[in-house]
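*Asks:* The primary structure of each chain is shown beneath.
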Amino acid sequence: MMKRDECFRILARHITDEAVVATYSSAVDWVEISPRPLNYLSIGAMGLDSSHGLGLALGRPDRRVVVLQGDGSLLMNLGSLVTIAAVAPKNLVHLVAHNETYEANGGHPIPNRKVDFAGLARAAGYAACYDFFDLGSFTQQIAHVLEQDGPVFATLHIEPSKSLQYDYPSLYDPAKRVAFKAALQAGK
Amino acid sequence: MEMGATTVDATPRELHGGGIIAAIKASGVEYILSVPDIVTSAGLLRPIADDKEFRLIRVCKEDECIGIASGLSYCDKRALILIQHTGLLDSLNAIRGVAVEYKQPICMMVGLLAHDPETAPRASPRYGVRIVEPILDDMGIAHHLINVDADVAKIQPAIERAYRESHPVAFLIGRSPKAS
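First to last, the sequence lines map onto chains A and B.
Going by my numbering, 10 is the number at position 10 of the first sequence; the sequence numbering is gapless.
Going by my numbering, 177 is the number at position 177 of the second sequence; the sequence numbering is gapless.
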């Protein structure tokens with residue numbers, strides 16, 4: 001088992017001009033580790049992270065899009081695995097933090113803690129799928145995960161984290177949306 | 001905004017898909033995001049699927065469309081969501097969050113399933129149809145009834161306005177468009 005923030009610190013070393021879609025607990029950790037205009041945080045409804053990511057990947061095929069989604073969020077939008085696999089954007093990397101709980105909603109367990117997300121993504125038709133259980137293998141392989149043709153999926157098997165502060169007004173600040181679009185356009 | 005305007009009074013009482021598709025193209029829409037809808041299946045979705053000028057993304061559930069369209073809009077790509085009113089109802093939380101609270105240009109074309117086109121949707125005996133316009137009104141979402149060919153002229157200006165002013169819009173398809 002890994003800690004999400006430790007994973008994200010390693011991930012952050014490899015992130016340059018990618019658009020990063022992150023929500024809820026993943027967003028809280030990610031913006032603390034890597035605050036940047038190219039973070040896309042305003043998802044609007046739980047589960048839509050992967051769909052926003054698909055839209056960005058389609059709209060900007062020249063740029064890689066990394067989705068940092070929670071397991072509870074993906075469960076609310078499992079069909080997006082099938083849609084993404086069918087569209088097959090080569091520039092989409094889909095990372096799911098699997099801590100087996102709805103962490104942002106009180107830490108209650110997801111309906112089946114042992115669900116095999118990477119297996120679901122593989123069956124849906126993702127180009128490559130991974131499971132990471134320890135920081136060593138994640139550190140060793142993350143560069144390859146980010147570089148290969150997608151859609152790429154990886155489950156990050158993590159522990160429930162320490163209690164987080166969810167500053168939603170800051171995460172969903174309209175100014176962040178404006179800054180994201182400006183940063184995206186600046187890179188055209 | 002056509003809030004509350006639901007009269008059905010135009011003639012002739014026909015609707016052709018070709019006109020709607022031409023209006024969608026004239027609006028600069030490149031992506032069609034869809035779950036099949038029996039009202040628009042033959043007259044819109046099938047010809048759109050065969051039209052090389054569109055990129056059709058078939059999704060599993062309608063709320064996916066809201067996220068995809070939002071992501072595309074940040075890239076200055078225009079999308080139209082083609083769904084059934086049951087899918088609109090299923091997607092209300094996504095529409096609330098993304099389209100209304102974040103003021104995103106989410107453009108929706110919604111078939112009114114099992115609707116009698118000679119009846120105003122608000123007066124429909126079908127509960128699911130009857131509640132659509134009041135819900136859109138309560139959410140402050142502009143909507144237009146597309147019931148006959150004369151209504152098609154509403155489409156392009158409304159899509160242009162939605163993207164210019166960054167707000168959602170819904171077109172309610174009141175009768176099955178003829179394939180043309």
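Worth flagging that the hints you see were computed from the coordinates, not collected in a lab.
From a predicted model like this one, the values you see are computed outputs, not experimental measurements.
A virtual CB, placed ideally from N, CA and C, is assigned to each residue, including glycine.
It cannot be assumed that every hint is accurate.
Said to hold, decoys possible - Quick look at which bits of chain B chain A covers, simulated, 3 or more residues with Cβ under 8 Å:
{"hint": "1", "region": "23-30"}
{"hint": "2", "region": "56-62"}
{"hint": "3", "region": "87-96"}
{"hint": "4", "region": "116-124"}
*Asks:* Checking C-beta pairs, does the region 56-62 of chain B have three or more residues closer than 8 Å to chain A?
*Replies:* Holds: 5 residues of the region 56-62 of chain B have a Cβ under 8 Å from chain A.
*Asks:* Has the region 87-96 of chain B got at least three residues whose CB is nearer than 8 Å to a CB belonging to chain A?
*Replies:* As far as the region 87-96 of chain B goes, the hint holds, because 3 residues have Cβ atoms under 8 Å from chain A.
*Asks:* For the region 23-30 of chain B, do three or more residues have a beta carbon lying closer than 8 Å to a beta carbon of chain A?
*Replies:* violated (count 0)
*Asks:* Are there three or more residues in the region 116-124 of chain B whose C-beta lies within less than 8 Å of some C-beta in chain A?
*Replies:* Violated - the region 116-124 of chain B has 0 residues with a Cβ nearer than 8 Å to chain A, which falls short of three.
When each numbered hint is compared with the structure, violations occur for hints 1, 4.
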